[in-house]
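Engineer: Take a look at the letters that make up each chain.
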Amino acid sequence: MILLAVLPTLALAVQQPGTMPPSPVKRIEVRPTTRTITAGDSVQLSLRAIGADGKPVPEAVVWVRMRGGSGEGTVRPESFWLVASSVGKFPLGLSAVVPGSRPFIDSTSVEFEAVPGPAARVEVDRSAVTILDGQMLRLTAAAYSKANDRTADRIKWRSRDPKIFAVDEDGVLTGLAAGSGQVTASVPGASAAVEVRVLPGTISKLTLSPEKPAVRQGDVVTFEADARDAGGKPIAGLTPSWTFSPGDGQLAADGRFVAYRPGVYTVTATLGRRSASTTVHVRERGVRRSVTVVGRLPRTAFLTSEVWIHPNGKVAYLGTHGGGDRVYALDISDPGNPVVVDSLLANTRLVNDMQTTADGNYLVFTREGAANRKNGIVIADTRDPLHPKEIAQFVDGVAAGVHSVYIYEHPRHGRYVFLTNDGTGAIDIVNITDPAKPVRAGEWRTDRPDAARYVHDLDIVDGLMYASYWNDGLVILDVGNGKWGGRPQKPVLVSQFKYDLDSLYQEVEDVSGPGFARGTHTAWRQRGGKYVFIADEVYLNRPIKGAKDASSSRMYGTLQVVDVSDIEHPKAAAWYTPENGGAHNVWQVADTLYVGAYDAGFHVFDISGELQGDLRAQSREIASLNTADMGGAVRNAAFTWGVVVNPKDGLAYVNDFNNGLWVVRVDPKKATAPMIP
Amino acid sequence: MKRPLIALALLAGCASAGQSAGVANCHPDPERSEGEGAQGAPCPLRSAQGDTLHRDYLVFVASEGNDRIALVRFGQGKARVEREQRIGINPTELVGPHGLYVSPDGRWYFVTTAHGTPNGALWKFSTATDEPAGRVELGLFPATVQVAPNSHYAWVVNFNLYGEMTPSSVSVVYTDDMLEVRRIPTCVMPHGSRLSPDGKRHYSACMMNDALVEIDADRMELTRHFVLTAAAEHGMTGPVHPVEAGGKGSHSMSPALTCSPTWAEPSADGRTVWVACSKSNDVVEIDVVSWAMKRRVPAGEGIYNLAASRDGRVIVGTNKRGQSVSVIDAASGRELARIATTRRVPSGLVISPDSRFAFVTQEGVGSEPGTVDVIDLRTLGRVASVDLGQQAGGIGFWKSEPPAE
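Protein chains in written order, with my numbering: chain A, 241 to 917; chain B, 4 to 408.
Incorrect hints may appear among the rest.
[Unchecked claim] Which chain B residues stay away from chain A? Per the calculated CB distances, all over 12 Å, these:
no., residue
1, N122
2, R381
3, R385
4, S388
5, Q394
[Claimed, not checked] Distance windows between CB atoms, simulated:
no., chain 1, residue 1, chain 2, residue 2, range
6, A, V581, B, H57, 45 to 51 Å
7, B, D133, A, D494, 25 to 31 Å
8, B, H57, A, G871, 38 to 44 Å
If you're looking for bench data, these hints aren't it; they were derived computationally from the structure. In this text the structure is predicted, and so the values were computed from the model without any measurement. Ideal placement from N, C-alpha and C gives every residue a C-beta, glycine not left out.
Using the sequences provided together with the hints, build the complete structure.
Structural biologist: Rendered as structure tokens:
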């Protein structure tokens, strides 16, 4: 009798697959109904399960979670607070479970979008202009939030002196009478003013300089207009409108022109009823060169990560990935025959980054995937460069893992290593003045909600750190320069360069859905120049359907050239977008930029002179190499991680994630032999 | 011509063996009797002479160190990797497969990947082809996973190994659509979770609270907890009280913790929950009805994961620091054997539904391969071993079948 009584109970309790009745819930109501939220803000979601009769289903357990955008925010599970840490999209999955029935699922109808906060400032492309009576000139302006996100506010233009000049809704000024005044560009909460001076339209002569310049593709020509009055005297400060044709290049509002293709272009400046043109003869840039693979060290046991060259130029260190627990020490004194001489084992399965001290005596490398799941960094003695010896580890507070390191030595404050903390998204600062006894010295993190903060890479030049801070963009810190009061233990924010990642990579959303992972991944401050090269890492949301192995995914990522000549106001200047891959790590020597572009292979660019526009379109690419190899850990698929150029031999040591090290020479330009008839 | 004859002989043998052994509800088709949701053990397979016949046993194994999922076949005294796949979307990001479980219907296997940025995920794959069938992002460091007997829900603990030392949660995923339908806050660093055999209650260990947590699986609500600290063991209703363990951003052990539980394993009859205390090297047996401790059973050093045999005879545990496996008699609490593992850091284990073999993963250290040892629970000895991807941890039993050709 007892057995008979128990068995039916068990049968009910253990519901078999496919037997669950449909849910009584027909829809889930989500409030607030406004689907936008300010980046940096939070909103509490309220959910109600509604039945077929239009009334709430009281026993339903409702739930919401994100189907994308976890790099930009989170939904607090205990409270349904949606935290939007940064600008992005948050497609939501909704569910309602009524015990004993199938869950009701709605994974398509609700998507929140985090938008920039209210405008805190307006920036106009000029602070003052001088135009002529009758001249038309367009001003441009953009509004930015306190978090440095560009807002979508439409700029409202107003002339404070409408008898002197008019301005329309697109910012086009028209001089009406001689005099001075102000035009304002405003959005709710912020505005900026530009001084406008209108001169009588008495130009008798207008010329352009340089006249008929002959340049190469990619050379930036800065034109200036020379206006003279009837007496032949120059009229200073006039701001012309610029146009050019054919349209295969770029002409900035300040007269800087770059042509993408060889040919003859016409550039025109207009001042009122006067205009002047000149032609620009553009020839081929002619920087293309061949490459030679000088040496090769295939790796098959592990995937390959970072490469680093000891200051003596005769030893390289090569990291391992995908289960790799070692750093190889390579003898590269004969670049044609790089040889593994020794290796340093560590409790890790991923060595993502490494660097030696300037004197070459110590090496620091990162650990992720440790056997005991306690990660950090290793400090090794490299006074015998081919045989590094571990002397210390640092694990305090970085058990989640360290992805990147940068060593910085300050004459007064000592020697430090800056770490990117996988767990907190902070930059951790460790004093290694005594390398055998690393000591935590401080940390710095971006001022924003903690959810989804991530810092990926670091570079330091002249006491200024250039941190690739994922959704927070490029962050520039004073870590010892001192001008902004920073020191290694206490960095001070100098400036931030953010850009609309969703807009830049709309293609990725189109092919794999909203909420894909993307962010600023690497930054390199040009040595001896005014630019910072930043590159993004962008992932598809899911593998490509029906594809396998190397074809099942691809990387995206544009390299941007940011002008930091005014370091408190970084400005985008130029870019390079690999055709089928993503720019990953970069290296620069003088006028040459080397790029590891993942699936797109290895690329070399001429970055001489001023940079503007699309570097690839203007044939600044010097060389490229598809680093695929049938002998790698992953066969016949390039995945170029990065490159280091050895100052001792001038060769590029290119590390491919799939197959090891390549030693590459960019061949000298061949002299063109004179044609003999 | 031979196969049908053998099959008939097996079936005939099964019926007689089941009756003679007094097994009233065994199923003659092992494919339908295996898995957590099945009722009744498979009928013992015997030849006409009464000897147990060899069968092949297939388990899936997750290797956290190099993102590999392997299908291991064990039969005729040998184990080998039958096939292997890489898990992940982006080649350069290690996703760290940690937990693994095969759905009771045998069609799918589910894998937690722990190393997201910041969140991990639960993946669904076809057992037959390894084809992905869905992925859902969960919390921080999703670890142990189990699919409910009805195959519709997966239960995953969000271990939160690397985040701030704050209470974490248990995620419930509707596996048909691979959508998380509930995340239940529980305690600090939940780990080692299992459902009761009827799927009505979910148990998970709270590493940094010295507690066991019980969830009502139907209502998806936390109901009780049990404090495991030595000499202070007691059961309570409601959630675990917040405990400040470790500092901000730190995962150092609090000196007040004596147990540091890593696994909760209900017994085959559902009346008992066994909890592994990794710090005190013993197993706590808790009576589900009275919610009281029955006893503490000594185990090996760093007892980590547990598995209960379906016949109710033994509890098997991996001794993570002791590089061994403890086999404990469930009735007496006596350790029947302590068996050395092939490699360092033994981690996960699963017992075949016929209660004959335990499959034990070992993580190894660094670039050492991961390993699966097969332990015969009758002879209490290791009978086979096979290397596979690094940091082998999660393991799930798929099926047994006639030996492969």
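Engineer: If you check the beta carbons of D133 of chain B and D494 of chain A, does the distance land in 25 to 31 Å?
Structural biologist: violated (58 Å)
Engineer: Would you say the C-beta atoms of V581 of chain A and H57 of chain B sit inside 45 to 51 Å of each other?
Structural biologist: Once the Cβ atoms are compared, 50 Å apart, the range 45 to 51 Å for H57 of chain B and V581 of chain A holds.
Engineer: Starting from the range 38 to 44 Å, see whether the pair H57 of chain B and G871 of chain A falls in it by beta-carbon distance.
Structural biologist: holds (41 Å)
Engineer: Is R385 of chain B truly not at the interface, in the sense that its beta carbon sits beyond 12 Å from all beta carbons of chain A?
Structural biologist: holds (22 Å)
Engineer: Please verify that the nearest CB of chain A lies beyond 12 Å from Q394 of chain B's CB.
Structural biologist: Since the minimum Cβ distance to chain A is about 7 Å, Q394 of chain B lies within 12 Å and the statement is violated.
Engineer: Checking the smallest CB distance to chain A, is N122 of chain B really beyond 12 Å?
Structural biologist: Answer for N122 of chain B: violated, closest chain A Cβ roughly 5 Å.
Engineer: Taking the minimum C-beta separation from R381 of chain B to chain A, is that value above 12 Å?
Structural biologist: holds (29 Å)
Engineer: Is the claim that S388 of chain B lies outside the interface with chain A correct, judged by CB distances over 12 Å?
Structural biologist: Nearest chain A Cβ is 19 Å from S388 of chain B, so the label holds.
In this structure, the earlier hints numbered 1, 5, 7 are contradicted, and the remaining ones agree with it.
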